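Asker: Below, each chain spelled out in residue letters.
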Amino acid sequence: MVSLKQLDLTDLSVRQVNEYLHGELLEECPARVEILNPDGLHSIAAGLDKEVEIDILGHAGYFIAGMNQRARVTIHGNVGWSVAENMMSGVVRVKGHASECAGASGHGGLLVIEGDASSRCGISLKGTEIVVGGSVGHFSAFMAQAGTLVVCGDAGPNLGDSLYEATIYVRGSIHSLGADAREEEMQADDFEKVAELLSRAEMNYDAREFKRVSSARSLYHWNADAHQEY
Amino acid sequence: MCGIVGFLARRDADRERLGQLVTPMLECMATRGPDSAGLALFHRPLPASRRFALSTRDRKFDWQALAESCQQELGLPAPVAALENHASLVSELQPEIFKPWLNSTFPEVHLLSTGHAIEIFKDEGHPEEIARRFHFTEMVGTHVVGHTRMATESAVSPAHAHPFTAGEDFCLVHNGSLSNPYSVRRKLESLGIAFETDNDTEAGCRFLEWRMREGDTLETAIEVAQAELDGFYTFLMATADKLVLVRDAFACKPAVVAETDDYVAVSSEFRSLAHLPDIKHAHVYEPAPEQIYSWSV
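Read top to bottom, the protein sequences are chains A and B.
Okay, so the first sequence: first residue is 1 according to full-length UniProt numbering, each after it adds one.
Okay, so the second sequence: first residue is 1 according to full-length UniProt numbering, each after it adds one.
Hints are computed from structural coordinates only; laboratory data are not their basis.
Bear in mind the structure is a predicted one, so any value in this text is a computation, not a measurement.
Built from N, CA and C at the ideal position, the CB exists for glycine as well.
The reader is advised that the hints may include incorrect statements.
[Said to hold, decoys possible] Derived CB-CB ranges, DEER-like:
(1) A:D11 - B:S104: 23 to 33 angstroms
(2) B:Q94 - A:N37: 33 to 43 angstroms
(3) A:L26 - B:A82: 53 to 63 angstroms
(4) A:R208 - B:A227: 53 to 63 angstroms
(5) B:D261 - A:N37: 20 to 30 angstroms
(6) A:R32 - B:A227: 30 to 40 angstroms
(7) B:T217 - A:A31: 30 to 40 angstroms
(8) A:H22 - B:D261: 34 to 44 angstroms
Chain A on its own, in the form it takes in the complex:
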C-alpha cells in the first residue's frame, strides 16, 4: 500500500488520471492522491466512488469532482463551471473561487468553496450542503429542491428563484430575492444547522449573523387567478 500517489497532468491525460482513480486506485489503496498541473483541464476526478483524499494542486476547469461519492477532493486553486455537479456524498473543497453552477443538482455530501462562487450556485440542488466562504452570484439556488446553501458573504440578484424545499442562509447582504423566495425568522434549529455546517466547513463565523431564506410555496400549485403575475 502506497501512502501518497502523485499523478502529473503534464505527462498524463485527464482520461488516464480518471482511469487510475476508477480502477487501479482500488487495488493500490493510497491514503492520498495528488494531482499536479491541472492547468484548467476539465472533468478531473469525476465519478469517484472510494474513500480517498485527493488534492488537485492548481487551478482546474469544468466539472471537477462531478458525481462524487465518498471521496474527499480538495482543489488548491480556482475551478471553472459546475464543480461537484450531481455529487452524491463525500466532501469537495475549493480553496479558491468557483465559476458558475457550483454544486448543481447535487444529491448529498458537502461542497465548500472558500472564495466566491459565481452565478447559479446550487442550481437545482437536491440534498447537497454547500458552504461558500465568500459571495454568490445571481440566481443562486434556483429551483433548489432539498439541501442547504450557506453564504458567508453577499448574495447576488434573484436569490432562491422558484425555490422548493432547500434552505438558504446568508450572512451578508442580499441584492434581491427571486420569485417565491422569502426571508424568514431564524429558529433554534436554523442556528444549530448553520453552526454545524460552518464547523464542518471550518469557517469561523457566528451563526447568529445569518438570515434564512426559504420558499413561500406560492408557486407550488397552479393558480388560475394569478394571470401570470407571480
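Since the structure of chain A is already known, use the hints to place chain B on it.
Answerer: Chain B alone, transformed into the frame defined by chain A:
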C-alpha cells in the same frame, strides 16, 4: 459555442513576442470553435498611413499586381505584405478613395479591416491551420483579440468568421447569440449603414461603431447597446489603445481574466491561459455580468 481570447501586453518585451504568447491561447480554444478562426492584431499605430487588410479565396492571388495597379491608378505608393490569401497594404490613401477602387477593380478581394493600428486575419478552417498559414506566432504588437467559431446562427464562411469590424481601428468578437439582430440591423440600415453578412455579431459591431461615430466613448456605446441588444453575449472589443470586455446580464457565456503587471489576458476558459508567464501569481477572476472592463495600452 465559440472561444474568445484577448491579450494586452504592458511591456515591450511581451509586445515583441506577442504571437508566441497568444497563438497557444487561440489554438487551445479550437475545441470550442473548430470551423473558423481569426484575430485582430493591433500594431503600433502608423502616424500618417493606414493599413488595409485584404483577403480572397484564391491562395495564389497575385498581391503584387494589385499593389502595382493601386499605385498606378490612384497615384500613391501602396506596398503590400502577403501571406497566401491574406495581404496587408500600407498607404496614405484615404479609405473613401481606396474602398471603391478595390470594389470595382478587384471585386474578389475582401477588405478585412482599415485603420492606423488594426490588422484583421480570418478565414474558415481549423484554428491551428489558420494560425500556421498566417504565421500568428511571429506577431508583434500591443494587443490582440481572437476568436474560434462554432457556427450556430449563420453560415460558415470567411466573411462570417470573427472578428467583425466597422469604421476604423475597432473590432469585436462574440461568444453567444443575439435574438434581435434584424431589428438592430433595420434601424442601422435606415441610417445608411451597410452590412456585409447576415451574422448577428455584425449587427452588434456596427451598432457600437455607429454610437462611437455619434460621439460616444466605447464604454458609453456599450451602455447604450446593453439596453438595445437582446440575447446572450460575452463581447471582447478593441480599439487602437484599448481592450474592453462585457458580458450580458445572465452571463451564460464564460470568460476568465488573468492580470499581472506585465499583461491582461482574457479567454473563454482558464486552460488557454495556463501557459502564460507567471500565471500562478496572476490575479485570476471571472468578470461580473453587465460590468464593463476596460484596459488601456
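Asker: Run every hint past the structure and note whether it holds.
Answerer: Tested hints:
Range check, D11 of chain A to S104 of chain B: Cβ separation about 58 angstroms, and the 23 to 33 angstroms hint is violated. Between Q94 of chain B and N37 of chain A the C-beta distance comes to about 53 angstroms, which lies outside the given range of 33 to 43 angstroms. Checked against the hint of 53 to 63 angstroms, the pair L26 of chain A and A82 of chain B passes, with Cβ atoms roughly 59 angstroms apart. Between R208 of chain A and A227 of chain B the C-beta distance comes to about 42 angstroms, which lies outside the given range of 53 to 63 angstroms.
Checked against the hint of 20 to 30 angstroms, the pair D261 of chain B and N37 of chain A passes, with Cβ atoms roughly 24 angstroms apart. One distance hint, 30 to 40 angstroms for the beta-carbon pair R32 of chain A and A227 of chain B, is violated here, with the actual separation near 53 angstroms. Separation of T217 of chain B from A31 of chain A is about 58 angstroms and departs from the stated range, judged on CB atoms against 30 to 40 angstroms. In this structure the hint that H22 of chain A and D261 of chain B lie 34 to 44 angstroms apart at CB holds, the actual value being about 42 angstroms.
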